[in-house]
Amino acid sequence: MNHLLILIPVALTLGLLGLGAFIWSLKDDQYEDMEGAAERILQEDYPAD
Amino acid sequence: MSCCSVPVPIPSAMPAEGSARVTKANEKSRIEHLLHERIMANSSAQEDGTYKTEFIVPDMHCAACIGTIERELVKAPPVEQVRANLSMKTVSIVWDPAKGRVTEPAARLEALGYQYHLADNTEKRPAKDKTGQSLLLALAIAGFAAANIMLLSVSVWSGADYETAQLFHLISGIIAIPAVAIAGQPFFRSALKALRAGRLNMDVPISLAVVLALGMSVFESLTGGEEAYFDASVTLLFFLLIGRYLDHLMRKKARGAVERLSSLSAKDGVLVDAQGEITHIAVKDIKPGMRLRIFAGERFPVNGEVHSGRTEIDRSHVTGESDPVLVEKGELIEAGTLNLTAAIDVRATSSAQNSFLGEMRKMMAAAEQGRGQYVRIADRMAQIYAPAVHLLAFIAFVAWMIASGGDWHLSIYTAIAVLIVTCPCALGLAVPVAHVIGANRLMQNGILMRDGTALERLATIDSVVFDKTGTLTSGTPKVISVSGLDDENLPVLKALASSSTHPVAKAVDQFVGGQTGVMLEAFKEIPGCGVEAQYQGQTIRLGKPEWVAEISNPERSSQLSAQAQEWPGETTVSFAIAGSPMAHFCLHDEIRQGAAKAVSELEKGSLRLEILSGDTPAKVRQTADAIGIANFQARQTPADKIHHMEALREAGRKPLMVGDGINDAPALAAGHVSMVPASASDVGRHSADFVFTRPSLLAVPLAVDIARFTDKIVRQNFGLAIVYNCIAVPLAMAGFVTPLIAAIAMSASSILVVANSFRINFTARGKAGKRNISATTSPAIVEVTS
Numbered sequence: 001m002n003h004l005l006i007l008i009p010v011a012l013t014l015g016l017l018g019l020g021a022f023i024w025s026l027k028d029d030q031y032e033d034m035e036g037a038a039e040r041i042l043q044e045d046y047p048a049d
Numbered sequence: 001m002s003c004c005s006v007p008v009p010i011p012s013a014m015p016a017e018g019s020a021r022v023t024k025a026n027e028k029s030r031i032e033h034l035l036h037e038r039i040m041a042n043s044s045a046q047e048d049g050t051y052k053t054e055f056i057v058p059d060m061h062c063a064a065c066i067g068t069i070e071r072e073l074v075k076a077p078p079v080e081q082v083r084a085n086l087s088m089k090t091v092s093i094v095w096d097p098a099k100g101r102v103t104e105p106a107a108r109l110e111a112l113g114y115q116y117h118l119a120d121n122t123e124k125r126p127a128k129d130k131t132g133q134s135l136l137l138a139l140a141i142a143g144f145a146a147a148n149i150m151l152l153s154v155s156v157w158s159g160a161d162y163e164t165a166q167l168f169h170l171i172s173g174i175i176a177i178p179a180v181a182i183a184g185q186p187f188f189r190s191a192l193k194a195l196r197a198g199r200l201n202m203d204v205p206i207s208l209a210v211v212l213a214l215g216m217s218v219f220e221s222l223t224g225g226e227e228a229y230f231d232a233s234v235t236l237l238f239f240l241l242i243g244r245y246l247d248h249l250m251r252k253k254a255r256g257a258v259e260r261l262s263s264l265s266a267k268d269g270v271l272v273d274a275q276g277e278i279t280h281i282a283v284k285d286i287k288p289g290m291r292l293r294i295f296a297g298e299r300f301p302v303n304g305e306v307h308s309g310r311t312e313i314d315r316s317h318v319t320g321e322s323d324p325v326l327v328e329k330g331e332l333i334e335a336g337t338l339n340l341t342a343a344i345d346v347r348a349t350s351s352a353q354n355s356f357l358g359e360m361r362k363m364m365a366a367a368e369q370g371r372g373q374y375v376r377i378a379d380r381m382a383q384i385y386a387p388a389v390h391l392l393a394f395i396a397f398v399a400w401m402i403a404s405g406g407d408w409h410l411s412i413y414t415a416i417a418v419l420i421v422t423c424p425c426a427l428g429l430a431v432p433v434a435h436v437i438g439a440n441r442l443m444q445n446g447i448l449m450r451d452g453t454a455l456e457r458l459a460t461i462d463s464v465v466f467d468k469t470g471t472l473t474s475g476t477p478k479v480i481s482v483s484g485l486d487d488e489n490l491p492v493l494k495a496l497a498s499s500s501t502h503p504v505a506k507a508v509d510q511f512v513g514g515q516t517g518v519m520l521e522a523f524k525e526i527p528g529c530g531v532e533a534q535y536q537g538q539t540i541r542l543g544k545p546e547w548v549a550e551i552s553n554p555e556r557s558s559q560l561s562a563q564a565q566e567w568p569g570e571t572t573v574s575f576a577i578a579g580s581p582m583a584h585f586c587l588h589d590e591i592r593q594g595a596a597k598a599v600s601e602l603e604k605g606s607l608r609l610e611i612l613s614g615d616t617p618a619k620v621r622q623t624a625d626a627i628g629i630a631n632f633q634a635r636q637t638p639a640d641k642i643h644h645m646e647a648l649r650e651a652g653r654k655p656l657m658v659g660d661g662i663n664d665a666p667a668l669a670a671g672h673v674s675m676v677p678a679s680a681s682d683v684g685r686h687s688a689d690f691v692f693t694r695p696s697l698l699a700v701p702l703a704v705d706i707a708r709f710t711d712k713i714v715r716q717n718f719g720l721a722i723v724y725n726c727i728a729v730p731l732a733m734a735g736f737v738t739p740l741i742a743a744i745a746m747s748a749s750s751i752l753v754v755a756n757s758f759r760i761n762f763t764a765r766g767k768a769g770k771r772n773i774s775a776t777t778s779p780a781i782v783e784v785t786s
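Taken in sequence, the protein lines are chains A and B. Residue 49 is where the first sequence ends in the numbering used here, and the numbering goes up by one at each step. Residue 786 is where the second sequence ends in the numbering used here, and the numbering goes up by one at each step.
There's no promise every hint is true.
What the hints assert, rightly or not - Here are some, though not all, of the chain B residues that point toward chain A, as calculated from beta-carbon distances under 10 angstroms:
#  : residue
1  : D59
2  : C62
3  : S87
4  : L112
5  : G132
6  : A140
7  : N148
8  : L152
9  : Y162
10 : Q166
11 : G173
12 : S411
13 : I412
For the record, the hints were derived by calculation from the structure and aren't laboratory data. Here a beta-carbon is modelled for each residue, glycine too, at the ideal position from N, C-alpha and C.
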């Protein structure tokens, strides 16, 4: 029972971290151009912006 | 999307005969100035003094395109930021008017070989896709909650002891309550809206099931009950949100592609004041009496009366007649007509609202209202399904009250279990998933769709009505036969024909082909007659036979009348070098690629076909015979076309209207469903349900096939969902459904429905492959009859 008390909060925290990262990426407009994102990684000298 | 490009109409430098000649340099700066003003009209000012402009670049389709465009455009002096969006095919730039003109990046874009349109930024539309973002957020929260609660639920189902189960239920509840509150909003809102309007839609049973499952589980957990449905309520939301998001993505893509396409010429005119100075004016500000200059290659923004100059105009979008018409001082021209040969001045006789275009818009609005609201298949299902489910739950409650001798807890529990298992999860996915896959199949074949109901309506059509000019034909003339042409004269003819932008000259130019090194002098274009130039001191002419005959060897002119009789309804042009025999070219409005095959395929699909055209009976008959359509009517005004469509609908038919002109727009709106080629007039393209961007007319039977197959899949999906309910409902009413069974049953039915929908891809792809709809770059296949 004791290990559950540690593991469940750990599992939930990790899950929330993932959710938080997703929400950040959403607010960062990373889903506005899904096709472009897939193609952009092929650019060798793509300038960082 | 890559060939849906009406090229940007840069006003061509062609001063009217008799009007003041402008030097080349002046002309160039004037064009640049007008372009600048047009782009400005579609740009939005930012807070820091910079402007944001969005270009639609249909030909952008790979990593190299993005890279080149972004790297090159940022080099233009005024540009501060460039961002290409490949999904929406847009390039947005932020630029500083203090550092230069916006024409520089536009010119660079063109120099790179990309045609562009301006995205309409003047309308108040959110820069970002807010609905999509909130749906994704809801989806993420539901996904997070579903995964975590499912982990806890699995351990409860696999036999956790009582205390652990209670703890897990508590944790599940803490996750589920906020998750449902946030992620369930799209459904709750839509359900409330429907209830307020006194209707039932699918979201009513969905919301009820989710809220009741959550409420009951909270009650059970707090009172120490054994079973909780937290997992059911959040996984339900998760699955349904996937459907919603897919549906949204499809609409966004289709709308973005079709509606925001705003052609450069539509928004403004060129005003000439009393001193002869020209300024730019927005179309909405044009008032009757103003003097406007219309350059060759531009469309008339309002109705007008010719004030000075003469030119040939193309009325094919306005009346459907395919031959250019010569107009002179005093003649009236409708808004939307294309000016072909020379710049002319007109006096506006209407404002934008009262112009021919404005009238067409009014007729369209009236026709759309008359068509009545189409009820989506999912909503029709909901009208039967929702009351049935609620009735079943109520029966379960009453039956258990009687059977158990008044055990409230057990009876309510069973009734809620019925609501949960019947929650239309599979039904909620049945339509959107099938439609998204169907829309994708269409898009891969260059057919854009406005919304999901269009696909449903297309599946039910029983007749197809075609416009002729620009729809069954390509709208551009093509040389189909030639006589008396001396091969030695080819380079001279080529040089002469290629100097003009007139469609007839272009057709001759294309027919001759090859290159020319011949230099001509004193080139001039005479509206209504043709083009003339000097070659080695001799006059050469290409144009109307009678006009060319003036300079040619008269012995051969008798040949013309014989030839003209041979091809009735055709256009004949002649070419001659002074003193030598004439050569004759017979031109025909080229039949659209794949038209005959499309017609035979549509007939195989047991559809009744007919042609409604504004052109002359002879020309319509010829086209009808060539592609094999028996029913046709010529000389149809826009009002005639609307009446015809209404008569068809009153007779209980469901017609698909395929047209392209401004005169077709009201009929498009009056049809059960409508389809236009990408070359269609703005007003038609904005109201049509489907736009096909490839030249071939085979897009029409293909779209009908995909729509019918998608419809079949949707019906199968409903069937699967009903079979599932037939099994699950008796179990639930008998009180056998535990949370575990509910979770498995609901997921299984959803997955089954999604898997079935994917069949649209495989079946339709095989057909599409065989059809071999040619790509945008392939040369047009010539289908002519003589």
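Hints, one by one, checked against the model:
1. D59: Result: violated, 14 angstroms to nearest chain A Cβ.
2. C62: Hint on C62/B: holds, closest Cβ of chain A at ~6 angstroms, below 10 angstroms.
3. S87: holds (4 angstroms)
4. L112: violated (16 angstroms)
5. G132: Given a least distance of 8 angstroms, the restraint on G132/B holds.
6. A140: Holds: closest Cβ of chain A sits about 5 angstroms from A140/B, inside 10 angstroms.
7. N148: Holds - the Cβ of N148/B comes within 10 angstroms of chain A, reaching about 5 angstroms at its closest.
8. L152: holds (8 angstroms)
9. Y162: violated (12 angstroms)
10. Q166: violated (12 angstroms)
11. G173: violated (13 angstroms)
12. S411: violated (35 angstroms)
13. I412: violated (31 angstroms)
The structure fails hints 1, 4, 9, 10, 11, 12, 13 (numbered hints given earlier, in ascending order).
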